[in-house]
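Protein chains in written order, with UniProt numbering: chain A, 1 to 207; chain C, 1 to 207.
Some hints here could point you the wrong way.
You can't tell identical chains apart in this list, so a pair holds if it fits in one copy or across any two.
Once the Cα atoms are required to be at most 25 Å apart in a straight line, the calculated BS3-like pairs of lysine-lysine come out as [to be verified]:
no., residue 1, residue 2
1, Lys35, Lys6
2, Lys77, Lys159
3, Lys80, Lys133
4, Lys23, Lys35
Since the hints were made in silico from the structure, they are not lab data.
2 protein chains.
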Amino acid sequence: MEFSSKLLENAVYEMSQLPGIGKRTALRLVLHLLKQPEAQTGRLANALGSLRKDIKFCSNCHNISDVVLCEICANPKRDKSLVCVVEDIRDVMAIENTSQYNGLYHVLGGKISPMEGIGPQDLTIQSLVEKVKNGAIRELIFAMSSTMEGDTTNFYIYKQIQDHELTTSTIARGIAVGDELEFADEITLGRSIIHRIPFESSLKANG
Amino acid sequence: MEFSSKLLENAVYEMSQLPGIGKRTALRLVLHLLKQPEAQTGRLANALGSLRKDIKFCSNCHNISDVVLCEICANPKRDKSLVCVVEDIRDVMAIENTSQYNGLYHVLGGKISPMEGIGPQDLTIQSLVEKVKNGAIRELIFAMSSTMEGDTTNFYIYKQIQDHELTTSTIARGIAVGDELEFADEITLGRSIIHRIPFESSLKANG
């Protein structure tokens with residue numbers, strides 16, 4: 001693409017560095033901004049700048065936060081001996097939305113992925129192991145996504161903490177609520193049979 | 001969505017104001033930026049800010065430009081009596097890429113669209129009419145997209161300039177080069193038959 005303006009070219013280039021946004025989409029977005037009031041572009045630029053400059057990560061769970069200790073970790077009503085290990089803030093938001101969880105989180109910041117050059121030292125695993133060593137955690141729930149990388153990460157953490165006295169669990173895999181059996185993949189359906197639950201418990205969950 | 005950080009929420013909100021970017025995509029983009037070096041976010045914010053602040057529009061053709069008179073309008077080798085009317089800079093870039101056009105452009109900045117609240121006064125039509133009145137234009141090529149809005153805009157401009165002595169034309173509509181006839185829509189195929197061209201001319205265009 002040849003641009004008639006260096007400013008435009010530069011804005012399009014920087015926009016196209018975002019994942020899933022090619023040059024054409026970037027140009028469309030930038031032209032849209034040019035048609036909107038100048039204040040909108042200013043707000044976007046400021047929001048991105050101050051996010052990057054002032055963002056903090058909770059000193060306990062490593063979630064994104066505006067303060068040193070995030071709202072969840074600072075909440076006295078939360079069960080601090082129950083910790084759910086997740087990949088990033090999106091998982092925290094998803095689980096919070098269920099209103100079914102009253103423990104704390106530990107945000108790893110990604111998963112072990114040799115293909116992408118992400119090793120254990122790039123994640124907050126060491127801090128999690130320290131917490132376990134201090135004996136403050138009663139149960140650890142692994143809630144990583146069900147991929148090879150997720151399983152690897154779970155297993156790596158498990159090896160480091162298995163000698164300590166605590167319960168470990170993973171979230172249940174199975175047929176989604178409302179899904180038809182015939183459309184489920186074999187592995188999920190197989191797991192949902194192996195890990196079947198007493199009928200009485202399922203009644204309780206529905207209520 | 002409930003966010004643990006106002007900074008994050010704000011950045012996601014501003015990002016989701018862009019067309020075609022919902023809250024989830026915005027969150028993905030913002031989290032991506034957080035994982036990249038801080039300099040990248042700074043460059044994006046700066047590029048957008050200075051684009052909006054310092055961008056100029058060519059005083060003659062209204063194309064986006066860094067200078068008062070854009071490169072195309074300032075080029076002495078260009079035929080200044082031939083003007084191609086287009087919607088925005090993307091059309092200029094597309095036509096320039098063909099290397100088949102040696103005239104100037106007139107960028108309208110959109111098309112007349114009552115549905116979107118865009119009237120003739122929101123476009124640079126008045127400036128085009130002035131140019132025609134000054135008698136500097138020998139031929140006007142309408143190269144708007146072939147939609148109802150595009151046709152309306154063409155017709156609106158045509159009505160304003162029809163009493164002046166100049167040639168008007170529109171770009172040819174027809175079967176795309178390399179396309180199979182059987183997959184073409186009837187309207188396009190019909191037009192390509194009505195506006196058929198002498199075989200000798202088509203030989204020249206191929207060479």
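Consistency of the hints with the structure:
1. Lys35 <-> Lys6: within (18 Å within a copy, 27 Å between copies)
2. Lys77 <-> Lys159: Result: close neither inside a copy nor across copies, 31 Å intra and 73 Å inter.
3. Lys80 <-> Lys133: within (15 Å within a copy, 78 Å between copies)
4. Lys23 <-> Lys35: This pair counts as both: shortest intra-copy Cα distance 18 Å, inter-copy 21 Å.
Hint 2 from the list above is the single one not met by this structure.
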